[in-house]
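Asker: Chain A is fixed; fit chain B onto it per the hints.
These are the residues of each chain, in order.
There are 2 protein chains.
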Amino acid sequence: MARSDETEPHDGGVRSITRAIDVLTLFDTTHPIRTLRDLVAATGLPKTTVVRVCSTLEARGLLLRTSETTYAPGPVFLRWAHLAASLWDVSDHTRAVMRELVDKCGETVNVYVRQGMERVSIAQEEGTATVRSVVPLGVPMPLLCGATARVLLAGAPNELLERLAGAEGLDLEPLIRTVASTRETGYAVSHGERELGASAVAAPIMAHDGRMLAALSVSGPTSRFTADRIAMYVDTVVTAARRISDQGLGSVEAFL
Amino acid sequence: MARSDETEPHDGGVRSITRAIDVLTLFDTTHPIRTLRDLVAATGLPKTTVVRVCSTLEARGLLLRTSETTYAPGPVFLRWAHLAASLWDVSDHTRAVMRELVDKCGETVNVYVRQGMERVSIAQEEGTATVRSVVPLGVPMPLLCGATARVLLAGAPNELLERLAGAEGLDLEPLIRTVASTRETGYAVSHGERELGASAVAAPIMAHDGRMLAALSVSGPTSRFTADRIAMYVDTVVTAARRISDQGLGSVEAFL
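If you're matching them up, the sequences are chains A and B in order.
Using UniProt numbering, the first residue of the first sequence is number 1, and each one after it goes up by one.
Using UniProt numbering, the first residue of the second sequence is number 1, and each one after it goes up by one.
The following block holds chain A by itself, in its conformation from the complex (with noise of 0.2 Å):
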């Protein structure tokens, strides 16, 4: 029998939707323009799938074709833009009590939610010296590596903790146990977990109804984070943490 174009596939459309999303996010600041070679090559899709993805986003505007075969993020991202940057902003508090932490430490400070069985960056300041962190906003990011992740953790439901120990294959034991010496400590400490000769302390942001909303870290090379400095630091980002869950995260707390 013949498919109408009604005719959907098992999963309802959410493979395509997927597809789109794995190529939008194959644009960032490094690879603003991308060849069709490269969308093909990086997502692994028939060139005929990727040209048919590429025209139905450009066709909206979330695409733009700079040449007969490189495309770029469109315009009408301008509008989403403006959209997420005004609903994920902290506020100026937030802002202020995070450039005081840079220069105290001198490290990169972050603002990090969970997304999910991620985290993401929704906000930074970055470092003074020339070796420092730099994480892009938005991007996910593993929430069981790392000082922050372990924050996280420790303000996330018991039923994702089960999810992300059969999603990643390990023992929910262990991992009930950090959470536990987590939230008894108020903070993380980790280095190298995530990547090699990183490291962070991590603290974390609360409501006032005792939710948590955020890590606060600050991260930078390994060499620099001495046991005498992240003494320092562990004080200074706990500090920090608390001055930004008394006076609240910003407009970003009405999703979290």
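The hints are simulated quantities; they were obtained by calculation from the structure and are not laboratory data.
All C-beta atoms in this analysis are idealised placements derived from N, C-alpha and C, irrespective of residue type, glycine included.
Every clue listed holds true.
The calculated lysine to any residue pairs, modelled on SDA-like cross-linking and capped at a C-alpha distance of 25 Å, are:
| # | chain 1 | residue 1 | chain 2 | residue 2 |
| --- | --- | --- | --- | --- |
| 1 | B | 104 | B | 236 |
| 2 | B | 104 | B | 235 |
| 3 | B | 47 | A | 11 |
| 4 | B | 104 | B | 243 |
| 5 | A | 47 | A | 21 |
| 6 | B | 104 | B | 132 |
| 7 | A | 47 | B | 21 |
| 8 | A | 47 | B | 255 |
| 9 | B | 47 | A | 18 |
| 10 | A | 104 | A | 91 |
| 11 | B | 47 | B | 31 |
| 12 | B | 47 | A | 116 |
| 13 | B | 47 | A | 255 |
| 14 | A | 47 | B | 15 |
| 15 | A | 104 | A | 238 |
| 16 | A | 47 | B | 18 |
| 17 | A | 47 | B | 14 |
| 18 | A | 47 | A | 26 |
| 19 | B | 47 | A | 15 |
In silico contact screen, one side only, chain A against chain B (beta carbon under 8 Å); selected entries:
| # | residue |
| --- | --- |
| 20 | 13 |
| 21 | 21 |
| 22 | 61 |
| 23 | 66 |
| 24 | 74 |
| 25 | 75 |
| 26 | 82 |
| 27 | 113 |
| 28 | 122 |
| 29 | 137 |
| 30 | 140 |
Answerer: Structure of chain B alone, referenced to chain A:
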């Protein structure tokens, strides 16, 4: 014959991607949070379809579920926000000329680019009066109404005029005449074409190779666009557009 999970509908998933974009487009600064009911009503799609689209977008961080039945744009948009804002930015010089133009005219100044058969504002400096023109950045607007549209059409290839006339069911001849006359005068003035009571004066921003890159416009309430003021606005806008053309529009030129 049973269809496998690999089966795609005849349109190759185009419709699913378009639906996902339709859903995302419903979020703006006045509607940062939308209920499922809202989304179903606005898209006219079955609830199960909207739920599936939203779940897919949620899984990838593009939407965030703020409650059982409400959604908001997710933090992953920050990644593209940053990227789009840096790619589509106009130069500091352009920004300064735009602000001078606001100072001189008191009205809102925009830089519009053509996007296929539509136009979008990529930069805006708001006017100083209480009643002022404000358009959202990156939101497609028609290419057949208004002074800005006429200026952009004057820089478009004839093939586009044919497509546009075909798509809108218009006679090609009058369209070509309008374009020819706009090319001759080098600016355009409109009153209430796109929106009743809204007037605009626009002039082209050109690349050094003679291509038209964008249109610079001054817009505001028709009641303030009196004959003598319009003469001044035309002079001022044409001069400002020429200054921007001379110095370059900014990094965005690479995409135009």
